[in-house]
Amino acid sequence: MSRIDGLRAQPLFRHLTGTTGEGFLTVVTSLTLATLVFHGFHHAYFVIPFQLLAVAFLVVPSLQRNGTFWFLVACFSGAAVWLNWAYADNHKYLLFFWTVVLFLAFEQPEDQRPGLVRQGAHYLLFFTMAMAVVQKTLAPDYLSGEFFTFALMTDGRFTAFTSLVTGATPDMLAENQALYRQALDPVNAGAALPALSAGEGMRRLASVITWVNYLDQLAIAVLLLLPLTAGWQVVKHLLLMAFIVPVYLIAPVIGFGWLIIIWGYCLVPERIAYMRAGYVGLFLLLCLYEFPWLDLLV
Amino acid sequence: MTHQLLRFLRRSQPARRVHPALWVPVLLSVAVLLNHFNRVHNHGLSVWKGGGMGMFATQEASGTRFVEIRLHTSTGVFLGSTAGLGPSLRAYRAEPEAARFRALCRRLGDLEWRDGGRLRKPYAGSGREPVAVAVAGGPGPAGSEELAVARVELRGWKLLVDPGSGRMRHRLMHELVYRDGPGGCHEPD
Numbered sequence: 001m002s003r004i005d006g007l008r009a010q011p012l013f014r015h016l017t018g019t020t021g022e023g024f025l026t027v028v029t030s031l032t033l034a035t036l037v038f039h040g041f042h043h044a045y046f047v048i049p050f051q052l053l054a055v056a057f058l059v060v061p062s063l064q065r066n067g068t069f070w071f072l073v074a075c076f077s078g079a080a081v082w083l084n085w086a087y088a089d090n091h092k093y094l095l096f097f098w099t100v101v102l103f104l105a106f107e108q109p110e111d112q113r114p115g116l117v118r119q120g121a122h123y124l125l126f127f128t129m130a131m132a133v134v135q136k137t138l139a140p141d142y143l144s145g146e147f148f149t150f151a152l153m154t155d156g157r158f159t160a161f162t163s164l165v166t167g168a169t170p171d172m173l174a175e176n177q178a179l180y181r182q183a184l185d186p187v188n189a190g191a192a193l194p195a196l197s198a199g200e201g202m203r204r205l206a207s208v209i210t211w212v213n214y215l216d217q218l219a220i221a222v223l224l225l226l227p228l229t230a231g232w233q234v235v236k237h238l239l240l241m242a243f244i245v246p247v248y249l250i251a252p253v254i255g256f257g258w259l260i261i262i263w264g265y266c267l268v269p270e271r272i273a274y275m276r277a278g279y280v281g282l283f284l285l286l287c288l289y290e291f292p293w294l295d296l297l298v
Numbered sequence: 001m002t003h004q005l006l007r008f009l010r011r012s013q014p015a016r017r018v019h020p021a022l023w024v025p026v027l028l029s030v031a032v033l034l035n036h037f038n039r040v041h042n043h044g045l046s047v048w049k050g051g052g053m054g055m056f057a058t059q060e061a062s063g064t065r066f067v068e069i070r071l072h073t074s075t076g077v078f079l080g081s082t083a084g085l086g087p088s089l090r091a092y093r094a095e096p097e098a099a100r101f102r103a104l105c106r107r108l109g110d111l112e113w114r115d116g117g118r119l120r121k122p123y124a125g126s127g128r129e130p131v132a133v134a135v136a137g138g139p140g141p142a143g144s145e146e147l148a149v150a151r152v153e154l155r156g157w158k159l160l161v162d163p164g165s166g167r168m169r170h171r172l173m174h175e176l177v178y179r180d181g182p183g184g185c186h187e188p189d
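Chains Y and W are the protein sequences, given in the same order.
Under the numbering used here, think of the first position of the first sequence as 1, with each following residue one higher.
Under the numbering used here, think of the first position of the second sequence as 1, with each following residue one higher.
Simulated from the structure, these hints should not be mistaken for lab results.
From the structure, some residues in chain Y lie toward chain W, with a derived Cβ separation under 7 angstroms:
no.: 1; residue: A86
no.: 2; residue: N90
no.: 3; residue: L116
no.: 4; residue: T128
no.: 5; residue: A132
no.: 6; residue: Q135
no.: 7; residue: D141
no.: 8; residue: Q182
no.: 9; residue: L196
We treat Cβ as the ideally placed atom computed from N, Cα and C, and that holds for glycine.
Build the full structure now, drawing on both the sequences and the hints.
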């Protein structure tokens, strides 16, 4: 038996890759609960009841596979989104839709649950990528690179990355961000404002990020539409991982990243189940992303 | 080419029947998306919010919108802190339409203002003088009394950045004046 075969035979590996009887749904629901606990909804109509549900789950772990449990989670998630509908982040909607999928799945006979979870993940991932491509195409300042030039100039999350790649000094970028924050201060409303600095390097980097991000999302959306061989499935999942790794390093919206990872995990077919271990690894990697690693290099 | 495409598709995994229950999240997400597009085109909702997938697509985000509150009192003009406006402000910044702005203005009528005991300095090159800050709700700094506010000017602004030149400018979106008494919020004279 080769080392790889030995690894695949390990009970923990089999559990994490969902190749044991209950492993698949256990991993999916556990990762979803982690997302709800650490990056869930902030409204009191969710936070307080979900604490009760989370404690109930810890005391009675089998609730993780109970339709009523997920129905309650979906209801409180929906309430939080409904009450904040105009200013809830878009990935909160996606998290709510996912809790609805899990509720519906656990209301089905046991043999139908994995299939519905996979179909739900497939639809939501396609919806996310396809609509992102549509809205980036429709936006007046995306494909020209103007949006990412703006982001690199003003968003502190891009400082370390921009400085590393373009050589722009952190002081210059910090000054841009300070001027931008001043421009948003009501005391300066209507006043003449200073100009921000943006070198040619920043514009080129913005153009690269614009098209890499756009084409990656387009490719993922197209591959999700097509029936694929195992080889193309591997390509699809590598593209998705290639999307997740850099995007959430630079813009650490961890809850959103975790959701995409969960969907990716669900979509790995049994023939290449070992790739699910990659998604579990990415889930843990995104925990580490909350530390400002790039700042150490600048 | 067609032959190769057909051979590729035939070798691929067979399509599975869609589970009927899947229609629930599908219809839900499509309904939310249609509402999102409607609100974006007709009410100015930011594509970053409201159930679409427009994050990191445009600089038209709620973070580029802000409100200015100027309080005219017997002791001078104060800049009102927006901390007391809560969800009304978040909703206006996400979807800066007239009805939400008016709701924000009416919210001002519920607020009591006190001298915040500090000055807010404008941008150095603006040529403007520092402005005293007023805070709403709760006790202010020690010794601060409630301000007698004769008039409140409320303005909603959008910050626009031209990435090509780096130039920034403000665009006034809405403006109302609040006075105690019947009506409350009015268009400026």
